[in-house]
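Engineer: Take a look at the letters that make up each chain.
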Amino acid sequence: MSLGERTPPAVDDRSRGGPEDVLRAVRDFQQGADREQSFELLFRRFRPRVERFLAPRVFSPEERLDLTQAIFLRIYKGLEGYRGEGSLEGWVLHIAFNVYRDWRDRQPGGRNAVPEISIEDLPVAPEPAPGAQVPSPSAAASPLDRIVREERLEALRQAISELAPKQRLCVELHVYQERTMQEIAAALRISPETVKAHLFQARQRLWDKLHTTFGTVEF
Amino acid sequence: MAERPSDFRGTLLELIDASPEPMDHPSPDQWIAYQRGDLSADDEARFQEHLVRCRDCFDLAAAAADFAQPDEKPGAAQELETAALWRLLRPQLDPPPQNVRKITDGPKRPSRGFRLPTRLAATFFVALVGMTAWNLQQWSARKAPRPNVPIFDVVANQRGPAGQELTMPAGPQILVLHPDPSEQLPVYHLTIRDATSRELFSYKLRLNRDLALTLYLPAGLPPGRYRLELADGAGKVLETDLLRVTAPE
Numbered sequence: 001m002s003l004g005e006r007t008p009p010a011v012d013d014r015s016r017g018g019p020e021d022v023l024r025a026v027r028d029f030q031q032g033a034d035r036e037q038s039f040e041l042l043f044r045r046f047r048p049r050v051e052r053f054l055a056p057r058v059f060s061p062e063e064r065l066d067l068t069q070a071i072f073l074r075i076y077k078g079l080e081g082y083r084g085e086g087s088l089e090g091w092v093l094h095i096a097f098n099v100y101r102d103w104r105d106r107q108p109g110g111r112n113a114v115p116e117i118s119i120e121d122l123p124v125a126p127e128p129a130p131g132a133q134v135p136s137p138s139a140a141a142s143p144l145d146r147i148v149r150e151e152r153l154e155a156l157r158q159a160i161s162e163l164a165p166k167q168r169l170c171v172e173l174h175v176y177q178e179r180t181m182q183e184i185a186a187a188l189r190i191s192p193e194t195v196k197a198h199l200f201q202a203r204q205r206l207w208d209k210l211h212t213t214f215g216t217v218e219f
Numbered sequence: 001m002a003e004r005p006s007d008f009r010g011t012l013l014e015l016i017d018a019s020p021e022p023m024d025h026p027s028p029d030q031w032i033a034y035q036r037g038d039l040s041a042d043d044e045a046r047f048q049e050h051l052v053r054c055r056d057c058f059d060l061a062a063a064a065a066d067f068a069q070p071d072e073k074p075g076a077a078q079e080l081e082t083a084a085l086w087r088l089l090r091p092q093l094d095p096p097p098q099n100v101r102k103i104t105d106g107p108k109r110p111s112r113g114f115r116l117p118t119r120l121a122a123t124f125f126v127a128l129v130g131m132t133a134w135n136l137q138q139w140s141a142r143k144a145p146r147p148n149v150p151i152f153d154v155v156a157n158q159r160g161p162a163g164q165e166l167t168m169p170a171g172p173q174i175l176v177l178h179p180d181p182s183e184q185l186p187v188y189h190l191t192i193r194d195a196t197s198r199e200l201f202s203y204k205l206r207l208n209r210d211l212a213l214t215l216y217l218p219a220g221l222p223p224g225r226y227r228l229e230l231a232d233g234a235g236k237v238l239e240t241d242l243l244r245v246t247a248p249e
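Sequence order for the protein chains is B and H. Each residue of the first sequence is one higher than the one before, counting from 1 in our numbering. Each residue of the second sequence is one higher than the one before, counting from 1 in our numbering.
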């Protein structure tokens, strides 16, 4: 090595271990042979995935660090009992998701508190008129109300069934689960722009078919 | 009729709630397969239907999307970050269980059913030892001379084959015998016999610095007539005294 030449940062080759190396590390860990080294390989293998999973969900770097450690500590404690009935990455995903979900449900507001959304992005809901009564299914007790309700259900069922499958899924996920376009896109493995287009077209079609029944179609 | 905007949303929620659940919850492996596009079209459609109704599965499917992405070659910064995190994590790992096993290897611990009688026996043994120690302490206390115990000197002129009868009340007594000073022996044997010459007690005594033999009778003797025989080490009787114990007044 000549003077002035600098050694690059140490990059452990084992971090690029293939699936066979990972399975061997699990086996070695379970047999008690060099457990720490075996676990380090698993840590280096799965840490980027855990980081990818936590990054968009946990905004505080300190909490993300704590959760990462909690996830890998739980993996360490449970690895001896891993019997290989599913894939290792599925098992790690399960643990990571459970640790994250426990943390999320402990936050103020629980599951509805995450992800955080800027207040400017929130849709402005119309204020209910003072003294307005919110109808409930049980309150619609009169025969006329029941008939009107049944007619609306049937009209909506018919209109929804005529939508394209992806359009219907986008509408249902958006309305029923109150998911954002990005979340729907990730779940359906399509782009957010496609989700936006599906929602727009679905809104148009449903308006055409239902505006006389519901007066307005908003979602 | 004026319609509220919530009517459409409420009716849609009602419609979805009333529709049947398409399938059980898929496993994490299945969600990863879904995200990688490894499922058939039918399965994919069923999974997507399930997503509409199940919040947990929706979140899990989104997490699976992050796991299903192919790993890129980590950069130097990411490697350093991973190494730093490993340094934080490593001290928190528990000692390897097999090392613990090595330490604790040994005879198998008896079962609970076997341990109970052993525990009872041990408890009984400890109690027995304690009570024995307490009894010995009490016995020693009884043997020790008490203050104000009457002292009876058996003087020389009271001795002899038909010496004077010594009278004393029942109860704790201290007898002080004065053997013939011309025949000082290293050891004397004192035997107390009842009226029928039956041996009741026998003591081995040594001369004290006053050339006397001291005997403490903590419980004393019951009322009656007794004979004290003082003998040498070979058993030869040197002196005999008569003793009458009277009932306490």
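The hints are simulated quantities; they were obtained by calculation from the structure and are not laboratory data. Warning: the hint list may mix true and false statements.
As the list claims (entries may be wrong) - Computed list of lysine-lysine pairs in DSBU-like fashion (alpha-carbon distance at most 35 Å, straight line):
hint, chain 1, residue 1, chain 2, residue 2
1, B, Lys166, B, Lys196
2, H, Lys204, H, Lys236
3, H, Lys236, B, Lys196
4, B, Lys209, B, Lys196
5, B, Lys166, B, Lys209
6, H, Lys73, B, Lys77
Engineer: Is the hinted pair Lys236/H and Lys196/B satisfied, with a Cα-Cα distance of at most 35 Å?
Structural biologist: violated, 129 Å
Engineer: Check whether the Cα positions of Lys166/B and Lys209/B lie no farther apart than 35 Å.
Structural biologist: holds, 18 Å
Engineer: What's the verdict on Lys204/H and Lys236/H, does the C-alpha distance respect the 35 Å limit or exceed it?
Structural biologist: Roughly 14 Å separates the two Cα atoms, so the pair holds.
Engineer: Can you confirm whether the C-alpha distance between Lys209/B and Lys196/B stays at or below 35 Å?
Structural biologist: holds, 20 Å
Engineer: Is Lys166/B close enough to Lys196/B, meaning Cα to Cα at most 35 Å?
Structural biologist: holds, 11 Å
Engineer: Does the alpha-carbon distance linking Lys73/H and Lys77/B stay inside the 35 Å limit?
Structural biologist: holds, 28 Å
Violated hints amount to a single one, hint 3; each of the other numbered hints is respected by the structure.
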